[in-house]
Amino acid sequence: MAIKNLLVLAVLLSALGVSVANPKGLDLNYYKHRCPDAEAIVRRVTVQYVSRQTSLAAALLRVYFHDCFVRGCDGSVLLKSPNKDAERDAIPNLSLRGYEVVDAAKSALEKKCPGVVSCADVLALVARDAVLVINGPWWPVPLGRRDGRISRKSEVNLPSPFAGIAALKKNFFDKGLNTKDLVVLSGAHTIGISNCGLINTRIYNFTGKGDFDPAMNPSYVRALKKRCKPTDFRTSVEMDPGSVKKFDSHYFNIVAQKKGLFTSDSTLLDDPETKGYIDTQVATAGSSFNKDFSESMVKLGFVQILTGNKGEIRRKCAFVN
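Per mature numbering (1 follows the signal peptide of the UniProt record, and there is no 0): the sequence shown = residues -21 to -1, 1 to 300.
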């Protein structure tokens, strides 16, 4: 389906007022009177950027995840610090990109409705619309988040690519997300790329004895070794080889074949619920994945948000007012 038709569909679904369980006081029509074109403005800017560089879809989705998992979905990952001690300066966030899309959308909104739309809401909309551009699922984004004023490098404790299933489940439970959300949102790796630096130990020296992780398919290890030499930390590696440009359920097929790039992918086979979900998606060609992903993204958008008089509406996303 053409991008234009997808965007029209999204607008129609939004206009129909898709039912969203909302315990946090957000509203699908939050800007209806104060900035009625807010979503259209963000969508237009996002399409301009992502249609030219489709890899930005995965990048922007990642920025949103990283924001919501530290202090909640408050736009704190967008803040810059002259002392290089903000969230974006933490090692896991140094490879984040796509900030310019959020900044451009915010700038366009400030011209139309100054001081009205939060950067936290802009990021939530940009992440959704970026996925839509590459023919991924659409989900409703209730609005009304406010921007946090605190961003600390020391607080960045994200779900780790080296983590086992118990640690990952705790990471998600601590944010009000469950085991199903964990496996569903891991499916975002269907469009992700990483680099050799994050997997070299796993394929060359897993236990310090020159071995590879036994949880990995040996043929996959051989393929990765051809791409990643022991001292190579920069070459890119696809998280969903063979389908990295398409938002689909293929990632679960890869994990089921023991070709998950990270420990955090492979370990999804170590829990009955997450493995059961993977098996179901493989058996049904991802019949429920888009719907499940949409539902989990809505839940993610409620994590530790600021509303009412908390926080502020930043004029520029990189700086507090």
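Among these hints, one or two may not hold up.
Said to hold, decoys possible - No farther apart than 25 Å at their CA atoms in a straight line, the calculated lysine to aspartate or glutamate pairs in the DMTMM-like style are these:
{"hint": "1", "residue 1": "K149", "residue 2": "D192"}
{"hint": "2", "residue 1": "K270", "residue 2": "D211"}
{"hint": "3", "residue 1": "K11", "residue 2": "D68"}
{"hint": "4", "residue 1": "K132", "residue 2": "E291"}
Claimed, not checked - Per label pair, the in silico range of CB-to-CB distance:
{"hint": "5", "residue 1": "G189", "residue 2": "R213", "range": "21 to 27 Å"}
{"hint": "6", "residue 1": "K208", "residue 2": "V95", "range": "47 to 53 Å"}
{"hint": "7", "residue 1": "T210", "residue 2": "R128", "range": "41 to 47 Å"}
{"hint": "8", "residue 1": "K63", "residue 2": "S198", "range": "39 to 45 Å"}
{"hint": "9", "residue 1": "K11", "residue 2": "D153", "range": "30 to 36 Å"}
{"hint": "10", "residue 1": "F298", "residue 2": "G221", "range": "38 to 44 Å"}
{"hint": "11", "residue 1": "P116", "residue 2": "G255", "range": "30 to 36 Å"}
{"hint": "12", "residue 1": "K225", "residue 2": "K204", "range": "21 to 27 Å"}
The hints are simulated quantities; they were obtained by calculation from the structure and are not laboratory data.
Just so it is clear, CB atoms sit at the ideal spot from N, CA and C, and this is done for glycine as well.
Each hint tested on the structure:
no.	hint	verdict
1	K149 <-> D192	23 Å, holds
2	K270 <-> D211	38 Å, violated
3	K11 <-> D68	36 Å, violated
4	K132 <-> E291	20 Å, holds
5	G189 <-> R213: 21 to 27 Å	22 Å, holds
6	K208 <-> V95: 47 to 53 Å	51 Å, holds
7	T210 <-> R128: 41 to 47 Å	42 Å, holds
8	K63 <-> S198: 39 to 45 Å	42 Å, holds
9	K11 <-> D153: 30 to 36 Å	34 Å, holds
10	F298 <-> G221: 38 to 44 Å	42 Å, holds
11	P116 <-> G255: 30 to 36 Å	21 Å, violated
12	K225 <-> K204: 21 to 27 Å	26 Å, holds
Violation of the numbered hints given earlier is confined to hints 2, 3 and 11; the remaining hints are satisfied by the structure.
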